[in-house]
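Asker: Using the sequences plus the hints, can you model the full thing?
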Amino acid sequence: MRSAITLLLSAGKIVLPEALVVLKEVDKPVELAKSFLEQFPEKHEVTQNAFHIIDGSISKKKTKKTVPTKIKFEQKRETQGVSRKEALGSVPHRTKKSLNITSSPQTNQGKLKELTKQHKQILKTKSLDVDQTTHRISTSLDDLQGLHNYESDLVVLDNYIPIVNFGTTVGDLINYFQDRYTRLSRMFRHRMDIINITKIKDLSRTESQISVIGMLTEKIFYPGKSGRIIIEDPTKDKELHVIIPRNNPSLQEEVLQIMNDSVICVTGFLKQETLIATEVLLPEIPLSRNRNHANIPVHVAYLSDIHVGSHNFLSKPFERFIDFLNGKYGGKKLQALGKQTKYVMFGGDVVDGVGIYPGQIDDLKIHSIRDQYSEFSRFLEGIPEDVQIVIIPGNHDMVRSAEPQPSIDYQYTPELANFENIQMLSNPSQISIHGVQSLLYHCTSLPDIINNVPGLSINRPVDVMKQMLRARHLAPMWGAKTPIVAETKDYLVIERIPDVFHGGHIHINGEGQYRGVQIVNSGTMQSQTSFQKSLNIDPTPGQVALLNLKSMKWNRLMLK
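Using this note's numbering, read the sequence shown as starting at 1 and increasing by one per residue.
The set of hints was computed from the structure by calculation and includes no laboratory data. Quick caveat: nothing in here was measured; it's all calculated off a predicted structure. Do not take every clue at face value.
[As the list claims (entries may be wrong)] Here are the simulated DSSO-like pairs of lysine-lysine, each with C-alpha atoms no more than 27 Å apart in a straight line: (1) LYS560 with LYS333; (2) LYS328 with LYS13; (3) LYS328 with LYS24; (4) LYS481 with LYS219; (5) LYS550 with LYS533; (6) LYS199 with LYS238; (7) LYS333 with LYS316; (8) LYS365 with LYS236; (9) LYS332 with LYS24; (10) LYS28 with LYS13; (11) LYS199 with LYS219; (12) LYS316 with LYS271; (13) LYS550 with LYS466; (14) LYS481 with LYS466; (15) LYS34 with LYS13; (16) LYS238 with LYS201; (17) LYS365 with LYS316; (18) LYS13 with LYS24; (19) LYS553 with LYS466; (20) LYS199 with LYS271; (21) LYS238 with LYS489; (22) LYS332 with LYS560; (23) LYS328 with LYS316; (24) LYS271 with LYS238; (25) LYS332 with LYS316; (26) LYS533 with LYS328; (27) LYS236 with LYS199; (28) LYS332 with LYS553; (29) LYS316 with LYS533.
[Stated by the list, open to error] Cβ pair distances, simulated, as ranges: (30) ILE243 with ARG400: 18 to 24 Å; (31) ASP27 with GLU319: 30 to 36 Å; (32) GLY331 with LEU287: 39 to 45 Å; (33) ILE197 with THR169: 46 to 52 Å; (34) LYS533 with MET558: 37 to 43 Å; (35) PRO483 with ASN536: 23 to 29 Å; (36) MET558 with PRO41: 47 to 53 Å; (37) ASN536 with THR198: 28 to 34 Å; (38) ILE197 with LYS481: 30 to 36 Å; (39) ASP202 with GLY171: 39 to 45 Å; (40) HIS190 with ASP538: 40 to 46 Å.
In this text, a Cβ means the ideal position worked out from N, Cα and C, and glycines have one as well.
Answerer: Put into structure tokens, the structure is as follows:
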């Protein structure tokens, strides 16, 4: 439709609202606009009556389809549960009203009058939440710029699909850690600043400085004394004791920041089968690398932890966000920003779930998980169909709690199967938007990391996510509170360096960057719960992070 309007405006025509109704409903608006210019070259205003006398009929506008995606996964895996196609059979199809215009002006006169009447009524009644000014459809070229008119460019790079049997034997656990060690070791071996790398099994007495790669299994530190750590090579079942000298307090502090089960590289001198460390390195994000950005100023909105179904769910800020995406919230600057926001990322916990924690029943407004997802779907109905949406699960969603989590099954969300602009992906998953690669992870492991790394705080989620990037792993610690599935491949390794790292879970908004990686922990649409209050957690509800993929700069939308 926008191309047709642009064509008419470029020819100096005035497009009346009644004509916009017709252009919105027809199948080929550009052809209709061209026919108008050919048959009415002298006519100044574009009206519905002019469209009536144009020969030919125009079928209803077809539903838009999303850009095809490339889903990458391992062999011998199968999709669980109900497919999108199967789920569609249980809900009415989401479609627009049809409008058929023929060459006879009388045929559709009643329909057009009714549509025009409804359209004018909408223009009178729909107002903005901020300044209460009347919202009108603009017919100027300047106002049409950025009205979600960018072509979709979303490709799925990594999407976990579970196997039937997993993590049932000691052998599975061994394979899991061996895979982690092998892939992260490879990152060290490709670095130019590390020389003389020696395997633990090949160590011998030498006066030369050596580097050893191992998985950190134990840390022992006492104030004023040298620290001791143990690293092992799980592929050869070998371990090495490492001394962190007390006369190197900065190194001791750095080692204390490293999470157990991280793969590290220790440089030092061997003394009686013990390595005296001079340097300890993490896989890290390289300082020098290609950093991607889009060629157009398209924006992405990052949300998580909506918690539909909870008594504490804040519907008003969420509705304001949907108004924002429709270009109907705030002043001109906010409206323009909304029109440029083409993508929405939901980072998990879109509903509050059922049976997640003891006593949750008292906190629920909607007691059925199906009804919670139905209510969430009802909100999404208000988002324009040309806005692309990605949803990953969190610990409150109807998926297994162990990570990696598969995508939310359509048997619980049949209404969402009806949205062709929605991608349901796993936690974690990785996508590319206009060439900008984004890592999506609910960040259930954040509390584990905060509790085990000195100096980190739940009020500074970006600092915690930096530690994940440094370790190149989303949940390094095995046996902590974050449940992890032991498969033959560790899907929580950050092998592909993202341009954007999106997390959630703790309900506190924060943006930042680390070595060129843009980091966002999106806030929430839920007010403070009694459980959060008992832990002195002060959430930041009603805040949405927006990233310009061309400039890679952040904006924060305050909706509360």
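Asker: Could you tell me which of the hints above the structure violates, numbers in ascending order?
Answerer: 5, 8, 12, 26, 30, 33, 34, 37 and 39
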